[in-house]
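Trainee: Please build the complex by placing chain B on the supplied structure of chain A, with the hints as guidance.
Top to bottom, those sequences are chains A and B.
Residue 10 in our numbering sits at position 10 of the first sequence; the count goes up by one each step and never skips.
Position in the second sequence (first residue = 1) + 209 = our numbering.
These are computed hints drawn from the structure, not numbers from a lab.
Even glycine gets a Cβ: it sits at the ideal position worked out from N, Cα and C.
Cβ-Cβ distance ranges computed for the label pairs, FRET-style: (1) 3(A) with 223(B): 49 to 55 Å; (2) 105(A) with 543(B): 39 to 45 Å; (3) 589(B) with 201(A): 25 to 31 Å; (4) 485(B) with 203(A): 45 to 51 Å; (5) 190(A) with 399(B): 16 to 22 Å.
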Amino acid sequence: MAKPIYQEFTKGLWKEIPPFRLVLGLCPVLGVTTSVENGIGMGLATTFVLLCSNILVSLLRKVIPSKVRIACFIIIIATFVIVVEQVMKAFVYDLYNTLGVFIPLIVVNCVVLGRAEAFASKNGIFRSILDGLGIGIGFTLSLGALGLVREFLGKGTITVWGEPFFEGPIVNLVESMPSFVPFEFMVQAPGAFVALGLMLAVMNLIPSK
Amino acid sequence: MNPIQNFFDKQRKHFEPGGRLAPWEPFYEAMERVFFASPETSPQAPHCRDSLSVQRYMMLVIIMVLPCLLFGIYNAGYQSFKAAGQSADVWTMLWFGAKIVMPLVIISYIFGFGWEIIFSAVRKHPISEGVFVSAMLFPLTLPPTTPWWQAAIGISFGVVIGKEVFGGTGRNFLNPALTGRAFLYFAYPVQMSGDAVWIVVCQNGNRIVDAISSATPLAVASTVKASGTAETALTQAGYSIQTLFIGLYPDSIGASSVVLCIIGAVVLMIWGVASYRIILGDIFGVLSVGYLLNLLANDGSMPYFSMNPWYHLLIGGTAFGFAFMTTDPVSAPDTHAARWVYGYLIGALTVIIRVFNPAFPEGIMLAILFMNIFAPLLDQIAVKVKLKKRIANV
Numbered sequence: 001m002a003k004p005i006y007q008e009f010t011k012g013l014w015k016e017i018p019p020f021r022l023v024l025g026l027c028p029v030l031g032v033t034t035s036v037e038n039g040i041g042m043g044l045a046t047t048f049v050l051l052c053s054n055i056l057v058s059l060l061r062k063v064i065p066s067k068v069r070i071a072c073f074i075i076i077i078a079t080f081v082i083v084v085e086q087v088m089k090a091f092v093y094d095l096y097n098t099l100g101v102f103i104p105l106i107v108v109n110c111v112v113l114g115r116a117e118a119f120a121s122k123n124g125i126f127r128s129i130l131d132g133l134g135i136g137i138g139f140t141l142s143l144g145a146l147g148l149v150r151e152f153l154g155k156g157t158i159t160v161w162g163e164p165f166f167e168g169p170i171v172n173l174v175e176s177m178p179s180f181v182p183f184e185f186m187v188q189a190p191g192a193f194v195a196l197g198l199m200l201a202v203m204n205l206i207p208s209k
Numbered sequence: 210m211n212p213i214q215n216f217f218d219k220q221r222k223h224f225e226p227g228g229r230l231a232p233w234e235p236f237y238e239a240m241e242r243v244f245f246a247s248p249e250t251s252p253q254a255p256h257c258r259d260s261l262s263v264q265r266y267m268m269l270v271i272i273m274v275l276p277c278l279l280f281g282i283y284n285a286g287y288q289s290f291k292a293a294g295q296s297a298d299v300w301t302m303l304w305f306g307a308k309i310v311m312p313l314v315i316i317s318y319i320f321g322f323g324w325e326i327i328f329s330a331v332r333k334h335p336i337s338e339g340v341f342v343s344a345m346l347f348p349l350t351l352p353p354t355t356p357w358w359q360a361a362i363g364i365s366f367g368v369v370i371g372k373e374v375f376g377g378t379g380r381n382f383l384n385p386a387l388t389g390r391a392f393l394y395f396a397y398p399v400q401m402s403g404d405a406v407w408i409v410v411c412q413n414g415n416r417i418v419d420a421i422s423s424a425t426p427l428a429v430a431s432t433v434k435a436s437g438t439a440e441t442a443l444t445q446a447g448y449s450i451q452t453l454f455i456g457l458y459p460d461s462i463g464a465s466s467v468v469l470c471i472i473g474a475v476v477l478m479i480w481g482v483a484s485y486r487i488i489l490g491d492i493f494g495v496l497s498v499g500y501l502l503n504l505l506a507n508d509g510s511m512p513y514f515s516m517n518p519w520y521h522l523l524i525g526g527t528a529f530g531f532a533f534m535t536t537d538p539v540s541a542p543d544t545h546a547a548r549w550v551y552g553y554l555i556g557a558l559t560v561i562i563r564v565f566n567p568a569f570p571e572g573i574m575l576a577i578l579f580m581n582i583f584a585p586l587l588d589q590i591a592v593k594v595k596l597k598k599r600i601a602n603v
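Only chain B is shown next, with the shape it has when bound in the complex:
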């Protein structure tokens, strides 16, 4: 027999009622579900045969986020060596980047998973794979210099307040990863925003406590002086379209590479995990509001108005948020019409927050959280409209 199945069969007796590890049964089940489909059947009809359970669903998202993580590791190392003015081979950069990023990921998993186990054991519900995704997405939205204990606080807040207090995966109306990120953003603005947090300073391959100031593309674009110069300012700062597209620039760990986000989004859409309606709505929202601002731009308006809207899709965490955050199946609406509106409004709000509010250079986090709150309302409206079209019972 399969050695993996053998292993699980051997361990099962400890977790069954009466076994010595019986309270941790949810943990066992979660681990088994990673490899095998559930043998359980529902006691009553309808019986739906599908191998795509919530567990599989979430694992597919993690698989598509992994390239972003690997690229983020490389990019963190690359930026450090570049800022130090040293050259190094790819493996040195990867190693240095891993030393920056992996502790954050591991801490995020330990604390996120820890809270999930505690709540599952107390409430006697199985561990949901949702926390795997949240704990993976959360560190990717952080700046590389985030202190470890802040990452721990952030993911704890996200998982407990953003999800578990409302009843766990499936009942959370906010995206847990973004809830944690937003909490850190408002609790510790100094370590979460500004120009000095995006590059870990290194000296001869060692991390040192210091800061390098480096304006992200968002900061560059929001501080241009004259109308119509945002694109040139970005290029002069070293952020050409190619750089922005590939992602070798200082930003949140996993959010910089647009091309990997596009690949992830397309694969998820083909697999049917991500809703193409939401993603297309997002992009349409950004472009339409961006062009509208272009039309309104004149000499008296803010120079940010006149930036080519396609740049909004390239800079900051837009691509990452659209691909992996807006498509979260729990916090997004469930009806097709509502998904279009939801996506469109997220895109529109992202641009509006970015352009009109200098205090929030990155609008995508707040836009997604804001629309998460409205998702149930959009569903409600979509259903009401649909019902109105029906011919009344005569």
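The following block holds chain A by itself, in its conformation from the complex:
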């Protein structure tokens, strides 16, 4: 590894930002980004799991036999997912209810498993921590961004921690002009695909290097 160590962190923020560059972990990206709050909550939960599983996988990388490594990774990840689930149930019950089945589904999130398989099982603990943090924060930011777009277009609000941070995008440029009416379409399932596709297209306009 000739790369400077700080790059393990920063690559997750832009060069390998999970949904847009790696195109991994699309299930929660499409499923829960109906609002900014859901997106960021989901992102933080995933970040925690990613960080902890990266640490443990990295520590155990010499112990785990390579033939059964995937099963071992899944068990490690599942452990932390249960931790997250219980914590969320205790402290942010509303968010827990909104995210629903997508929290247990972090177990099979390809971002988490992918980092364990591709990075943590081959690298030392310090690099793995940085990698987990970087990718996790990148994932959180992308979910938040997608949630922002979808909530703004779909409901006309931006909600952060239960408080309407911004309400009703009124585009009354001219007095008699009708204001922009948000369209439900964007917070429904097809809107997720359209929004994600457009954001991927925009990201692809910018060269990755």
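Mentor: What follows is chain B alone, placed relative to chain A:
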């Protein structure tokens, strides 16, 4: 020399490489192709001599849609004055209708064409006439009361997401006009469906912000109470067979007149632009499923079951969709066998969606989009079946 050709020859130098308008060369070419055949020849054999280029092909469709547009303009004005209880001469109605319809058409052209120019300039491909047809068909599928900005959003979505992201005309697997229409339908259901959107309210010849509730034939037919009464209910609501056939009833702007759609379809079929296989398949699909439902109808079933299937061809946008949307050469299949199946399934699905799903009173839009997705698969199957019949190389 011909003054039109003179004009184009004079302007050409600006658009050639190095000219001051060189990036807009696709626009120049598109305008020239409206009047003249392409002077370009392909560098290699086979050389096919035919004046029916894509541009001409699309212009023929536009010419046949124009009567529907004119009738839609008249009908929009007619319905407004009728609902207001006032009488007016034909020209007043046409003028009022034009004030309703033409902004939608113009907006559709500005935005549809604008996106096409942007994508052509960025991707350096010539402007295709496909967008002329899409931008013409799109406003005709809207209710007359559609807000202008919604029309702009709809056509933008249709052209960009329905067509350009897949590579432009020829590579779009969905019909762009219907994609835009479907987007508006799901994004703004209040302005796109229901009883209050089909008539623009007028008072002394001026448009006012208000709504008149008026059930379209589709709504009337889908809400009948007793079996076998759909036809009488339609007649009582003022939608006799003659009215439905000629099209003087509130509906989407261009879709109401069955007779104009039939004329358009027949002319397009004679010119070889529209595939008669698709249209006959459509009609056969509607009639066969309609009669099947007639057989299944009894006292316990939905009253809609027992409606005479010919009415399905008359009400709603069926005729318009069959004539101009299903025959779109890009999104329809290319093999003859697949065209029959494609048409048949569109007709069948239209009736099924209409009758079984009260949430979607008009099934034709969804049926066409759904079958557009399956068109490549149908082609694939048709080719596979054909290949199986061949004697293997021995």
